[in-house]
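Number of protein chains: 2
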Amino acid sequence: MGKDVDQRLATIMAGLVKHLHQFAREVELTQSEWEYAIGFLTKTGQICSAERQEFILLSDTLGVSMLVDAINNRRPEGATENTVFGPFHVEGAPVRQMGEQICLDGKGESCLFTGRVIDLDGKPIEGAHIDVWSDNAEGYYDVQQPDIQPRWNNRGVFITGADGLYSFVGIKPVSYPIPDDGPVGKMLAHLGRHPYRPAHMHYMIRAKGFQKLVTHTFVGGDEYLTSDAVFGVKKTLIAPFVRVEGGETLWRSDFDFVLAPAENLAGG
Amino acid sequence: MGKDVDQRLATIMAGLVKHLHQFAREVELTQSEWEYAIGFLTKTGQICSAERQEFILLSDTLGVSMLVDAINNRRPEGATENTVFGPFHVEGAPVRQMGEQICLDGKGESCLFTGRVIDLDGKPIEGAHIDVWSDNAEGYYDVQQPDIQPRWNNRGVFITGADGLYSFVGIKPVSYPIPDDGPVGKMLAHLGRHPYRPAHMHYMIRAKGFQKLVTHTFVGGDEYLTSDAVFGVKKTLIAPFVRVEGGETLWRSDFDFVLAPAENLAGG
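Protein chains in written order, with numbering that gives the first Met the number 0: chain A, 0 to 267; chain B, 0 to 267.
Just so you know, these hints were derived from the structure itself, not from any lab.
Don't take every hint at face value.
Note that the list lumps identical chains together, so a pair holds whenever it fits in one copy or between two copies.
[To be verified] Cut-off 30 Å, straight-line C-alpha distance, at most; resulting in silico cross-link-like pairs (DSS-like, lysine-lysine): (1) LYS207 x LYS122; (2) LYS185 x LYS42; (3) LYS122 x LYS234; (4) LYS233 x LYS2; (5) LYS42 x LYS17; (6) LYS2 x LYS42; (7) LYS17 x LYS185; (8) LYS2 x LYS234; (9) LYS122 x LYS211.
Construct the entire structure; sequences and hints are all you get.
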């Protein structure tokens, strides 16, 4: 490397080259395996488009995305843990009133999501923006089916009051496969891995003075909880989904989000 | 991973994931660095075409190609060493008579290349096919300039007789930059590295009963010998290029190629 190279870049490249070489030596990579890898990376790049990011999928399915998230989001004890952001968030979802419906296509089993946004001492946080999104009852996000689903289907932003309470009505999420018709899907098949993610509701919660929280709540009991294709599950994020008899919704899921103060920000 | 996974694939993927994760942890990769890497890999894939392989260039410039070559081509003491194949070989070059000219565009300083193809005991090898190729005096291979250079410019195949001798007339090769207008070129620039390869003549030598030899001879004294962008230089491959006074060519380069027997084949 040259003399005037950015110190951080030099560190990253030295580490990358060291581990790439150690990997090739350790497995004694053959010429034809190297050629296969070159072909795989090329196809992975070429299938990428404005609507599809196959390299993120690759990073997700190799557990790299979750690791980078863990490195950059060390949380104090008691704070709600992060998980992967995923490719389906859309900025600018409509702000809704507490208790409002986010499911616009009328499909699926209705569910009340409710709880509080609190700090490490259990005090309610006022003015927290809770951005939520999930797939529909058939396992697709609205952006995957722009011609079929209503815009902003199963999305919304809710802003807490002084009590820190939130509530909204959506559907009990369903598990779905990540896009598996490309190189990454082929890789999973070769590895005997399924492409499914366990059912989950996405949350991004932002409040002044607190670290941004990007997380999911997972549906307890989902068959893919222990084999999430992108390794996103953390035990603390598994939420109860209780069947309600004679209520306005078929299910109810209670979950409190505990935000860490902004001064505990580590690395991100 | 599943139960019925190919054992070799399982080994490779376990090694890859281990080193990818160790790398990310060691350098404490940030979220924005991860995003940059995803973007870099995507661009690298998308610039690939039938005429351009940017992932091979990436592998070359990170020293991975040379390492894979070394792992798969361990040679017994005394045999000529391998180096990178490169992207510019074309199968099917015309077979020429010993001593014939391969430079068809009349440019450059003429050079006689001569020597013997021998075995580890120094005995001549008969019927060895010597496939040679180099850039022209302006630093481009014919396939890079199909509209400018004659077809098969600076290429040819020579077949040894019982004496093992070879000779042909080409030009003294010149150093040239690898394609540096894409992501890899940008990476080299950020790293303060130039994109040049020291001047070299390519050889692929095949003979019955011997390991295929893919190598170059390098022009001694080239300013890039110690900083080859693809790390292809080995000391034993640096050849003399002697200026000839009043000869038919301006330069002469003598080099013997020592082939290893096929039974010593290790891994490739």
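Violated hints - listed by number, lowest first:
none
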